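> Sequence:
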Amino acid sequence: MTDHLLHLHGDVLAAMRRGPRDFARLAFALADEVEPDDTEQGRFRDRVASSGPGDELTALWHRTLTAWDLAEQADWSAAPPRTDERRADAYDRLGFGAGLRKVLDHAVPVFKEPGPTIISTTPTPWYSRDTAAVRSFYWTAYERLLRDKGWSDAAVAGLDEASHAVVERLADPMRPDAYGARGLVVGYVQSGKTANFTGVTAKAIDAGYRLVIVLGGTLNLLRGQTQRRLDMELIGRENILRGANPDDPEALIGVDYQDDEDWPAKFVSHRGRPSALGAFDIERLTTRDDDYQSLATGIRALEFDKQVRTQPLHVPDNLHRAAARMMVVKKNQSVLSKLIKDLRKIGGPLLSEIPTLIIDDESDQASVNTTDPKKWEEGKVTRTAINRQISELLGLLPRAQYVGYTATPFANVFVDPGDGEDIFPRDFLISLPRPTGYMGVQDFHDLDRTDESAAGSAERAHVRGIYDDAHGDRLAEALDAFVLSGALKLYRAAHDVDDGPFRHHTMLVHESVGVKEHAVLAGRIRSLWEKAAYTSQEGHDRLAALLAADFQRFADDGLPTPTAYADLKPHVSRARQLINSGGTPVLVVNGSKEQDYEQPDLDFDRTPNVWKILVGGTKLSRGFTVEGLTVTYYRRRTQQADTLMQMGRWFGFRPGYRDLVRLYIGRAEPVGRTRTVDLYEAFEAICRDEETFRAQLTRYAALVDGKPQVTPAQIPPLVSQHLSWLKPSARNKMFNAELVEIRSPGEWVEPTAYPTAAADLRHNAEVWRPVLDLLGDGPVTLLPDAAAGDSFEAQVGTLDHETLLKILCDLRWSVPSQFSPHLESLLSAGEGGERIDDWLVVLPRQTSTRRVEASVLGSAPLSLAHRSRRRGDLFGAIGEPKHRRAALRIARASDATNRSGDGTLESLARDRRGVVVLYPVVEEKPPPVSPTGAIAPEHLVMAFGLVAPGSSSAPKKNLVRFRTVDSTRGDFAIVERGADGS
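Taking the working numbering, the leading residue of the sequence shown gets 1, the next gets one more, and so forth.
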């Protein structure tokens, strides 16, 4: 039966490519005369209100409204994206009444998750939504595939938005003069970056790019994985078959994927040869099993058929009728040499006509030049092999656009901006949002906790140490957890949970990079497996105890979990069989040769079920997706943050088994003869570094007077380092830059780099001592959030802005550069007429019976706070969440404008008033308080957090000032962005 209402709405919305318009007017013009009621809102409202899952009309409106909600640029609305106001503007333009709006809002809630953060030069407009809609053959097919895979409308719309943001910053493939943009896209480890560059590739070839080169890792294992994803989700069955009859076995000889578990059902179909459907074909120059060797058909492989032979390829009449070529190649010197040699044979005139897209997956690996920068100063730019070859590719293809993808961007942003032949992202840097359902560092670390002695909820749920006092090494327990979590997956599958994510079930054991050590470790695991006796009563008793003590305690209430081990026991037997299939539970993945990685049991694509314990090192730590990873045993050390982060294979999407993920990680791994490092703490430090980087990008992404506050060349100073021994990247990848100022009005600023020398601690206490006399005798009770009920007592007082500046300028630090950019912003506050009048000083008082009070330098008794230095001289979190919330409200910060309901707190708030929260911190337990109730200033850290008033900086005032070294300007060349943005 024809769904007239669906067809009408599809026609009406198709006429709204540029945004919402009067629905009733368009519907009246397009309605079928035999169904006049289709134009009435009441029928539409009733249909949506009564619709169930799978209703196509509701799905159509879900896609449309979500796309309008997310659009970063909307000519039809002044409201920001992802807001109720933007949705209301859409309804107003559609002419929808209150009843219909209510029903639609219930069916399609406004998507308010953040979008991509963009730091960019000002792009030349060429790729609008209208342009994209005119030619969208491959994007439409990719979008359809994602929906068939179960992607939500919001997820598809988010990918559409993020990939559009990349493509619009590439050069117009039809522009007369050649220009090669350089960009970088930053995601999270195993968070779906491949989906983004697949979307970018689809949109780019639709728009006119005709040669795509994907640099897909340094091993065939990784290259083949990337090739398969692109073949499956973008290139499609028809382009792979190239006219071969899929029902003729002889015609399929030499066609890959005939042994693939997912062929052809899960490969995108274009429903015919694209060239026969009015689009264009994609010709593959590499296959799943074959990397680039040489142009198989000679130079002709890159000769494009032109409709107008006297015109270059990039003119529209030629471009949109030509087939696209695509290759996925390793970042391997031999492979890239062959490609460059073949391109040189073709010659410059033809190559200069080809709009090319180069995607560099894991662009901080092998691609970055790591030669000694001192040689550049002498005019002797020496490049590492892969970096040189990428530079040659860009030189041979003047219309080539380079887009790097990575989850660890520090090496890329440290590339010399002045080296015009290098891969520095001079045109754009885009940070992708954390995807919904993604399990990353934040899910294993409780970053806001102030009690360093206790584990937070995330740590308790997922993190286990390598040793405990009762059992010693916990590797055997980790094996038990692997078997038990596998059984729980099977139990859930039997209770109607989608078993797709349970196809593979893996454990990763990563201790070192040594091949010999891997063999020994694998033997040890096999021995432990044999001794585990999973079929005996002893083995079942041990698993039952682990289920009760661990997995039941932290089980997801929304997923089936057995209350008794007896219900799980049959699935334990099956899990053991799957893990031990082939006679061994262990696969060793290492070696220096490709064949060491080409193990059938490790092929997640062609093997129905990979249920194994993987022992490996570096080759399993970057780019390679370990499917179904649930338990990790990790002890590998490194001194580079980006290298360590890439080893976090336990990050990713874990649908249906997120609560089963366990990380056994070294908490005291030996380094040298006398020192140990806490790897869990190291990952937390990386998380803080990266979140600081992303937060800074978000702040500076807003345009000021339509112009960027910063360009990618000014990003290096945003990189921070929380652990003294853990550098952001390898030393030979780091570029020197200095951040002069950070303006943070209305934001909590918490220095952590306090001195350790006794003389410096005394000096700081003496500097703060006069302020303590300004505090009132009696405490006040502050309630920042009535709903949360998190009140606290504090002494308060005020001091003027100039007095505070003198104090802050006189303080001593272990790392002065940590606070100096914030201090610079306070010193310049008042420029442009925006001044700070005074500061409210808040000294929280502990009220528990275990509180410790002491006087310092003759002051009244102060409540002491215990905090620990967790990263060298740097403390972890100092301020408590309720104190921060109170400070933000008193300072009338932009994100705390709602009144708290506390009259005392509201009476303290003023325009142009900042807040300083003082924390007299002690590091020793118990603190060394004298019998007279005093503490020596040498044992006290006068720590603080502050919030400058939200009114201390004009809304459009630049928030940063940089001093950036650029090799093209010499040693003394400095780029400064002053307070006026000049």
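Hints in this document: simulated from the structure, not taken from any laboratory. Treat the numbers as computed from the prediction; the structure is a model and nothing was measured. Beta carbons: idealized from backbone N, C-alpha and C, even for Gly. One should not assume that every hint holds.
[Unchecked claim] Derived Cβ-Cβ restraints for the label pairs, each shown as a range: (1) P931 with T849: 14 to 24 Å; (2) P114 with P770: 29 to 39 Å; (3) V780 with A107: 42 to 52 Å; (4) Q537 with E923: 48 to 58 Å; (5) E530 with P670: 48 to 58 Å; (6) H4 with G150: 47 to 57 Å; (7) R910 with R769: 44 to 54 Å; (8) R769 with D468: 42 to 52 Å; (9) R175 with E421: 20 to 30 Å; (10) I340 with P570: 38 to 48 Å; (11) R460 with V780: 53 to 63 Å; (12) R309 with P114: 27 to 37 Å; (13) G278 with E517: 50 to 60 Å; (14) T131 with R460: 27 to 37 Å.
> Are R460 and V780 spaced within 53 to 63 Å by their CB atoms?
violated, 35 Å
> At the C-beta level, are Q537 and E923 separated by a distance inside 48 to 58 Å?
Distance hint for Q537, E923 holds at roughly 50 Å.
> Is it true that P114 and P770 lie within 29 to 39 Å of each other by Cβ?
violated, 43 Å
> Between R175 and E421, does the beta-carbon spacing fit 20 to 30 Å?
holds, 21 Å
> Kindly confirm whether 42 to 52 Å is satisfied by the beta carbon distance between V780 and A107.
holds, 48 Å
> Quick check: does the Cβ-Cβ distance between R910 and R769 fall within 44 to 54 Å?
For R910 and R769 the Cβ distance comes to about 26 Å; the hint is violated.
> Honestly, do E530 and P670 meet the 48 to 58 Å range at C-beta?
For E530 and P670 the Cβ distance comes to about 29 Å; the hint is violated.
> Is it true that the C-beta distance of R769 to D468 lies inside 42 to 52 Å, as the hint says?
Holds, at about 46 Å.
> Between H4 and G150, is the Cβ distance one that fits in 47 to 57 Å?
violated, 29 Å
> Evaluate the given range 38 to 48 Å for the C-beta pair formed by I340 and P570.
Given a distance of about 59 Å, which is not inside 38 to 48 Å, the answer is violated.
> Taking 14 to 24 Å as the stated bounds, is the beta-carbon spacing between P931 and T849 within them?
holds, 20 Å
> Taking 50 to 60 Å as the stated bounds, is the beta-carbon spacing between G278 and E517 within them?
holds, 58 Å
Violated hints, in rising order: 2, 5, 6, 7, 10, 11, 12 and 14; the structure is consistent with all others.
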